[in-house]
Amino acid sequence: MTMIEAVGEKIFGKGRNSMKVVLEHLTKKFPSRDRKNHDDVIAVNDFHFEIPDGKLIGLLGPSGCGKSTTLHLISGLQKPTSGKIFFGEDDVTNLPPEKRGIGLVFQNYALYPHLTVRQNIMFPLQNLKGKDKLTRKQMLEKALEAARLVQIDELLERKPGELSGGQQQRVAIARALVKRPKVLLLDEPLSNLDARLRLQTREEIRRIQQETKITTIFVTHDQEEAMSISDMIVVMKGGVVQQVGRPQDVYDSPNNLFVAKFLGTPQMNIFEGQVREQKLYIGEDAVLEVKGVPDQEVYAGIRPEGFILQEDGPFCCDLCGVEVMGRDISVVSTNSASLNPTIRSVLSTESRMDISGMSVRFSLIPHKVFLFHKGTEERIHFEIGARAS
Amino acid sequence: MKKKWSDSSLKGWLYLLPAILFLGFFMVYPLMDVFVYSFEEGYNSASQTYFGIGWYNYSYVLHDPYFVQAVKNTFILVMITVPLSTGIALLISVGLNSITRLRSWLQTIYFLPYVTNTLAVGLVFMILFKKTPYSDGLVNLLIRWLGGESVDFIDGPYWAKMFVLCFYTIWVVMPFKILILTSALSSVNQDYYNAAKVDGTSKFRTFLRITLPMISPMIFYLIITGFIGAFKTYSDAVALFGTDLNVAGMNTIVGYVYDMLYGDSGGYPSYASAAAILLFAIVLTITCINLLISKKKVHY
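In the order they appear, the protein sequences are chains R and S.
FYI, in our numbering the residues of the first sequence are 1 to 389.
FYI, in our numbering the residues of the second sequence are 1 to 300.
Same shape as in the complex, but just chain S (with noise of 0.2 Å):
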């Protein structure tokens, strides 16, 4: 006789259950309701009504100065922040797989921006950076010292902002993709650098050929997250901007989210929506993008 529900997989579906409802309830159904806000034009919070469906709210937010500056910022960290994180992080992980002497002890410091207070982090960044009545911030020093013209990098120009913000966040994801990359490498069997050494393998060809294949299913994971996270980005920027990010020009995208729901010239769910549901488009390609090219360079 056959049942339908075998005792194993009911036992399964009960184990999940509560997480289905709970992702059901705060992820899933919600993601639905952005989506459907994002075409009821002209919604209005308190009444509950709205004019019409169509693309009204995406091509308002299209044209919204304050967006495309957003999906700039947020594009032109992303580009920068990516790859130079990883490429650091992996640089300082051979680097720290090559050493013996002090390594743990190396390794505990590169870690320590991980469990770090963002507040703390914040006003490190403050003493680098800000210009305050009392002094230029620690970089400007140096900058005067080497004979430059100090900067303003909080409220100065939008390269000087850019850059604070750009290596504010390599410094904050590092710790994480030198933990990673540290453990990946040290994973690799020690008889396949031998076997390369034995057959006179030049050190950058090892790295190239050996070192980097094995370790880049762990790289792939470390750019994909990287992605995501730096699309999403929005608390570092306003720990170091303020929360009017928009006066300040360095609005991201999902800071232009928030502003549309809760800023001070908020209230318009509809294309906060909108925007959510690109953000959403924009992450998704370029994760597709991701996966295609990783079915060729990556090994596992």
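Excised from the complex, chain R in its bound form (with noise of 0.2 Å):
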């Protein structure tokens, strides 16, 4: 066990102080504003999921989808307009913010621009009263331990303004952690941060969540940043939930268009076709064998890595050009019944294949390719034969 793994079970104890949290059937509206328009606007509609116990979840969608409402609801600053919301088995939906039990790291990190990064963190704890109030030595050191769990400790007596964004963001998440709370909510938390910053603090963020087993639900845009450290992901557009489940999972099997074209980059790429006689059609190219399929217009999704080239292959595109990546290369071509610009596949540099001319053959891996329906956008589950050739 490390020094921080021992203070953070210090701070937090063996995952004691997690909880599951328990949407049920939430719904936000917010009245209308348009005075044309006088329907309310659904921020939140039904959503219901529950967050298991001491787990990372990454509410993930664009923006405008509902997410920070939902972050908010659970954090009490908004009440729902129907719906609960359990902790554990305490229903809290009618309880303030503070009586939550809750920490709340904001997308601009709203430190306190006047106070140290001491006085920062131990701002929480000196709001206690009763039987809670700390003592000055106690509130110290509490303080301090949570500078160390998110490795500030040296900071301390600066002002926020003197620290870069990954440092604030820390500072934020000590403040958020050192009231030991049931449930810690990040909202877009790596969205002020550039790239590389971003990697680091998403593994930070990871890390601390795994020592302390705090329930932690953050919300991003970011497709990459929810993939990569979330135990759970889910997909919000429209306020409406589209599909929940571990990462891989909503990667290798998503529910419909809106979710395959959501995660993922490059983008999946997208292609009208039909289905005839249990054969995907592209175009004029039968592509692969779909069985169980009725003979339908469909979308097909075919993710970047799903093409292999092949001579013979079936799939025939106009080439753009080569992009070598140094791990991998990309083959951007173009194909009359592509809904994308382009098409782009990307492939190991260990297929060294000769590619020039006007044209590129590709063969499509089965369970890359995902079929849509054209109305509903609903995925369309076909059982996996030979490729057509």
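Just so you know, these hints were derived from the structure itself, not from any lab.
Note that the structure is predicted; figures quoted are calculated from it, not measured.
Hints are all accurate, no fakes.
In silico DMTMM-like pairs for lysine to aspartate or glutamate, Cα to Cα no more than 25 Å straight-line:
id, chain 1, residue 1, chain 2, residue 2
1, R, Lys261, R, Asp46
2, S, Lys197, R, Asp132
3, R, Lys55, R, Asp91
4, S, Lys295, R, Glu162
5, R, Lys29, R, Asp39
6, S, Lys197, R, Glu89
7, S, Lys197, R, Glu98
8, R, Lys79, S, Asp191
9, S, Lys197, R, Glu188
10, R, Lys55, R, Asp90
11, R, Lys291, R, Glu383
12, R, Lys142, R, Asp132
13, S, Lys203, R, Asp132
14, S, Lys295, R, Glu157
15, R, Lys261, R, Glu224
16, R, Lys279, R, Glu297
17, R, Lys133, R, Glu98
18, R, Lys99, S, Asp191
19, R, Lys261, R, Glu305
20, S, Lys296, R, Glu162
21, S, Lys197, R, Glu141
Using the hints, put the two chains back together into the complex; each one sits in its own frame.
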């Protein structure tokens, strides 16, 4: 056990403090500000989900999808229009934020600029009253422990303005943790950091979460961020939960076109296609055998890593160029049936193929190909058969 | 090759030139002149002669009971109106900031005195306080209705007159302060309050530890300008008590300077200059003290 883990345990014990969070048919409506349209704006629609104890959950979606509102509902800063919130067995729906035992880290950190790092971290402790009241010595100790946990104990006498973005983030987390919350909420924790710090900080968040075992919910619009550190992700769109699951499961088996497009970089390639006689046609090429799918128009989604370069492959595209990244190469091509302007296929550099000429031919990896209903955009499952060739 | 005047700095000076010239002619030169006058004993503006150089003007002014009275009045006015007006403005701004209904409507009302003509304001105060053959003024009506004895606020006892002057000053400076403070308050990021709320911070503590430090630069600005403005009070006193302030016992330092120059007993630019320099010294000292305190208490 490292010293830091020891500190984490000293503060929080071994996962005793955390608890599951249950959201029961949570709905939040905002009154319309539009004079012409008096319908309420539904920010969160029937959110029903149980967040398991001691896990790191990523709420993921494009901006305006209701993920921040969901976080605010859990924190108690906003009240749900209907539905209930449970922390463990306790109904906290009508409790004010300060009675819920949460720690909240704001997107802009909201560190008090006129207080030092130490004073910032101690601020929540100084609010404690009655039997919880701490002596100054206890407060200093706790603040130091929290600072050690996020590794900023060197910076305690500085003002927030003198810290880098990443350090401010850590102070904000320390302040949220110092009262030993049962649930830690992070609102877009990485969006104010530059690319390198983001990578570092997200691992940091993961480490802190695993050491403290606090049930942690964070909001992000960056799928990579959510995928990389979450135990589970919740993909939202327009206030409605689209899919919940372990990141890899959601990636490997998206429920609908939105989730499929939202997860993964480079983005999934989407084509207009038809299923005829159990075969998927893109343009006039029969690219894949799809057993058990009735004849219909579909959207076909192919992950960039789902292409195999093959001289006699069934899927023919016009070559635009090749981008060499070192670890792998992307072949950029076009096809008239593609809904994206270009098709991007990622191939490992080991498959050294001579790519030249006007066109390029691929065969497809079946489990990297997804079919979606043209109207509902829901996933159509098919049995994976032999590759059509 | 190193040029003494680079092109851009030459341009900069050129842009500044009009302002520098005007300030030089109308501010710096007169200031120095005042300083010189204040040491010229027995200066006669008609013949432009004087007897000698020395501290006599200062000594005269400092021993003049009217000046002592003016200094006393000014200090009382400053010490009462600056904290009170800033405090009340802060309370009103916090109130305005925490309501949503009627807010802009109330804001307009609170700002009205600022755009109202001084004479109109004076008239309102006449109606409120002045005793005329026909009425005792609204305030006296109220006092009598409550069972008190009517007071002559304009020509009566010193405290009553001082009360009216303070009341008037506070009322006149309030709108500007409210305007500044409401905008300062609404510029404080809501996330700070949310963070405090999540941490269970009481309303009072939030105000004391978050709101106040956040708007402290603006409060400081108001206190500094408030002090300077109050030390320069003159027209307010004239509006209430007429031009013969010495007789009314309500003169201010600036009023004294004016009287020494142009008043009925005037024509003494040397005494006026000495009094003006003394006022300058007082304002400078107070502002320096303010700056020293602000280093500790104001968070930018």
